[in-house]
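**Student:** Residue numbers (my numbering), protein chains in the order written: chain A, 1 to 209; chain B, 210 to 796.
When the alpha-carbon atoms are kept at most 27 Å apart in a straight line, the in silico DSSO-like pairs for lysine-lysine are as follows:
| hint | chain 1 | residue 1 | chain 2 | residue 2 |
| --- | --- | --- | --- | --- |
| 1 | B | LYS662 | B | LYS734 |
| 2 | A | LYS207 | B | LYS476 |
| 3 | A | LYS207 | A | LYS119 |
| 4 | A | LYS25 | B | LYS415 |
| 5 | B | LYS662 | B | LYS580 |
| 6 | A | LYS26 | B | LYS415 |
Okay, the calculated beta carbon distance ranges per label pair:
| hint | chain 1 | residue 1 | chain 2 | residue 2 | range |
| --- | --- | --- | --- | --- | --- |
| 7 | A | LEU185 | B | LYS471 | 48 to 54 Å |
| 8 | A | ILE125 | B | SER469 | 28 to 34 Å |
| 9 | A | LEU200 | B | SER469 | 36 to 42 Å |
| 10 | A | LEU185 | B | ARG515 | 46 to 52 Å |
| 11 | B | GLY457 | A | ILE111 | 27 to 33 Å |
| 12 | B | VAL332 | A | ALA126 | 40 to 46 Å |
Simulated from the structure, these hints should not be mistaken for laboratory data. Glycine is no exception: its CB is placed at the ideal position from the N, C-alpha and C atoms.
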Amino acid sequence: MAEHIERLRFAEWEGGISPFAVGSKKLGMWLFIVSDSLTFSGLLVGYSYVRIASERWPMPFELWPTIVMATLMTFCLLSSSLTMALAVRASSLGDRSRTVRFILLTMLGGILFILLHAKEWAGLIAEGVRMWENPWGVPLFGASFFTLTGLHMLHVASGVIYLGVIALGVSRGRFTHEDVEISGLYWHFVDLVWMFIFPLVYLLSVKMP
Amino acid sequence: MTQAVATHEAPKSFIRRYIFSTDHKVIGLQYLFLAMAAVTIGIVLSIYMRLRLAWPTERWPLLAKLFPQAMAGGTISPEFYLSLVTMHGTIMVFFVLTTAPLGGFGNYFLPIQVGAHDMAFPVLNMLSFWVTLAGFLVLLAAFFVSGGAPISGWTAYAPLSAVGEIAGPGLGMGQNLWIVSIALFCIASLLGALNFITTTLNLRTKGMSMTRLPLTVWAWFTTAVLALLAFPVLLAGGILLLLDRVAGTSFFVPAGLIVSDKILPHKGGSPLLWQHLFWFFGHPEVYIAILPGMGITSHVLSTFARKPIFGYRAMVAAIFAIGLLGFLVWGHHMFVSGMSPYSAIAFSLLTLSIGVPSAIKTFNWLATLYKAQIRFTVPMLFALGFVSIFVTGGLSGIILGQTSLDIPMHDTYFVVAHFHLIMGVAAIFGIFAGTYYWFPKMFGRMMNDALGKLHFWLTFIGIYAIFIPMHILGIAGHPRRYAETAGFDFLAPLQPIHVFITIAALVTAAAQVLFFFNFFWSIWKGRRAEINPWRATTLEWTIPSPPPHDNFGPQAPVVHHGPYEYSVPGAAEDYILQTAPPTAMKS
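Same shape as in the complex, but just chain B (with noise of 0.2 Å):
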């Protein structure tokens, strides 16, 4: 079956061969631009939030001009303050944290490190891609119909978004296109992960064993399977909640429920069923965010510790294992919904679990490092960076898995600093890690060190800033989702916090132009990139920067190397690159 993608030629016109391309590494880069389109929305859009909290009364006409209607007066209403809400998690959850590790890198460097000539099933990965841009467009279509966009969170827990417009702005023509993007992004996933898992088996070139794949490989298969089984159900939720609205069923609307002084048709059906599907989505669903952004990382801190990765295989050990426990907490997002408490205790206890594998990952890194001689290049800043914030972000999770310590804190800032720090910017990090470190690779040209240093010291900096001083607000019980922070005695003592926090994330927001400059300027004017400039060891430093349309030519590469496999004693050189012939190992 290795056979089945023999070496091709480049198409040769312009569309097949840039825009409906099955070249992975094409789809790869679309991936990444479309992540990066989304995040710069997503970022826009957060901070129009940031503005709303950190001045309340203040008017902003000039802001208005990108939401004339929602924005009238030039002032963010609390509903549409909600539906930034929804639409900034949306965006960001599946848009980009989903969608650049996985989609992007994983496209354009999985097939590369396994030795394949591409993936197992092109067609379907270039419909992968075309479905995700249709998912998003749908998404931002949102805001401009009717009502706009949906009020109801990334999560639309139910009865709120099941009811229809009588329950908000947003609500009627808005939820529906969110489910139905949600929907084709599920659709998407599921053909991503099919060629994933299949091209991770099956696709490997001669002497790469599973024990030889890098753990970028692993994380990303990992990441796949997680994908496969956790979408699906989010699609069967989805098409229930969608029969909510439109087919007159109430599968999550209670009887005799009562909104605006009218009481419902509906009868008979459980909110909770919801959230249990969405859960059992959505927790998996932080994994897949993360996973990828773990690979990364012990990628490049081996790389540039220029040590063999600590313990490779309770590496993969530990990603299997977060994997698996990710799909059995998702009650713990559920422990003040009314679920039984003895199930609530078996959720406890399972979340913390995965504070085990957490900590073996930690360790292994800390130990990578240990007695290394560190470059401190501008990936192996965001790889370190990485650890950091999983290590913070981690330990607040340690605190909100414990039913007596989530009952008070739940739904305050502390939630949000914690899922911001764990799932959002910590992926952010590999993102960031991964494209300063192959963008060599992709382009061919290196980007620029200085800008690449400063971006990360504005922005490592600037995300402490940000969301040290919200779990602060979350002790001191502010909750989130609240537009109206004027309004309460309780809250007024915390406002200057918000300004605190809306001004650093200013400066974070404008420290990434920084980023999107230093890439765009170093696509078309950096130094040209050698074929293997960090000096790295795995497949994709062993063919010309950018790689050619069949990757490796007609002759596959034949392994002979473990993934990690610097400072050998006794060898030329710091590092033997996995296709060095196997008497190099020989000390």
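Pulled out of the complex, with its shape left as it was, chain A reads as follows (with noise of 0.2 Å):
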């Protein structure tokens, strides 16, 4: 029996900082990620599985506007998630007002997004595309479409108040290095779900020839 408890003694974690190195708030916001991120699998496969039962998924999309405004859009995210990662560094350096100014910037990056996005969304609803039908066939089209290009702006436009949240607290000298590094995190995570919704969603739809 005491052989038996012995075994048990291996990995003996002596207190102190936390055992696994990563903060709580941090490790909070990676399993909001994960689980969040299963929501958007969620929809994705959902997405997959109604686009490949379908017999003729419109593939309407042009190259102008279309795929080029959409390449805009992506274009803008990514160069803020550019400025968030200098947003971090610049915090992490302890310099305030330049972390403001690259969350001020990420936060114009993600507003130009929502804006382009929005245009989109009115030339579709322009051309007659509903949640329930739209001009070239299949009517789960739109649905997915609006439905996924929907939640995903959710989350942007959220992001978006989050960091003014935390450029107004940094400014104040409320946050710490810790709370900027984790609503990068979240803005990456929020990038990411883009580069999936992109293809899937603009670049297989595109018009063939």
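With the hints as a guide, dock the two chains, each given alone in a separate frame, to form the complex.
**Tutor:** What follows is the structure, given as structure tokens:
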């Protein structure tokens, strides 16, 4: 019996700073990202499922304007990830005003993305695309397009507000470097989701000659 | 980061202290009381169903007082019966089996057992409870809206759940409320899971290595991982289902569907997609309900066998294996759905392989009991009952996991008997074991022993009297979800079994009054409990009963021992507290 107990005594954590060297808030954000990515996975799998199950999925997107505009949106979002990374770096160096400036640039990228996206939605709606019908065939085209991009846009919009709170807090010296880094994690995640939506929803629906 | 939750004074105002509290112990009790309210409603609903099945033509004017519209004339219509099925299932699965063992005991005891002052995110923890409560109230509201509660079952299969009121009563506003309620529950679960995982990894006290965690903590931790990964997929499915209903999409409704002689405008969706999304969540959900019960059982068996749990690491590995396999077997709910038979083979093999970790756990429990000086306390009886019911319910799982046997058994009472035993009753026995075991710690008083034993025996025998005959109904081919048993020749000879089951159910339900009486009576009148009445080893037994607001006071405990050091040769007593100085274990 004593041996049995001896065997249990391996890899003892002796206390002190967090055992896995990751702060609780950061770990919490990572866990949220894992969970939220599964919500998006569920939607993307559902979209792929109905797309494959449909006989002729519409492929209406022209290179101009849709794909070019979507590429521009992607560019906005990717650049905002770069500025976010720079904000995290600036905050690690303790440069508060640079941190705030880079966060504001990041928010600008996000807002541009939302504006371009809203313009695209408006255009599609003008062409007659609805949740239940569209001019090109299978009604689920519009349903899955608006659902996926809508939920993603909601995440971008929440992210912009979140970053605004962080920027305000940093400028007043209330938030630490870790808080900035965590908001960065969220922002990069929202970007990453777009990097799945862009090819699956846009590039796979380009009009074939 | 251990300093993130500093020691703090208890808030003074009543509202901050007991209502909108961030104290994990208060939140745990809030969850437990919510589950008690929910289980009472769930049992009442099941009694309505049992009465309808046993005496189909009888009128129940007294019972109709609760549902004056749905039960006009004092009878339960087939549609209302299906509403009862839906609400009983949803309330029990979400607001009892998920809420009590994880939200209740997990919240109360996980931080204490790892030696923390509170959860990692106390405010999220509070939010998690209030969102759960909101979800519960939204669900109950479904009874009172026009059309009543939905009739599509706790699985809300599309297209029935997706096409709206045209397909039956309760599928209008009732179904919308059901979806909103479940979505709220998903969000609450996410908040809870974040807390459980982060607290387990980051807030352990000095010396509390992962291999010194009690098995209860391992079970809650794994359950939280399952909840973190399963609920978001249900949320995705719920979003799509709600859009189908309110935004005119047709993700789950096929083209050309005719309901009540009308062709629906929906085009081009797949009802199977809902089943995939639902069961990708639904199967792990079964383990979310049962794993904490396994943890509590291991914990209680070791305590009252006065022996270390047999094969601690195998137990941890088995918990993880069950959790992992739980994500790979959702297809076994869909053998008759028209899914490819080749994928059915894969799902079937994976399903049967869950038998391996389950057997590891069972044999380890038996080995823990082998040659032990067992103390038959009430929590021990319920833990032993858990093992018994887990084996009985698990064996019928091996039958249903095989495609060839599932096809004739599918949608019969055999399935009802199987999942009630393994998921419902086994988990409930885990909850009972936990309640009797931790009651002295939570309320500082002991529950009455004689009443507890009477409650155990009536419940244990009652449960088998209810569910063993249900297997027979199923083998005889009795379909589930039928309200009408009188109109079919092949069901007529089975009617006496229904009567027997209903009587057994009434007796078993009445026995629960003993539990509720014992519970509330003991809160005020029970014998005062010492700090460590069971002579157990884990950290909750080193602090006063009930524990103070900050659990351990300013000094965090230091752990020197594993969680199950019972009857160590050469030790002064037959148990060694985890905080005992290291010399105490030298023989």
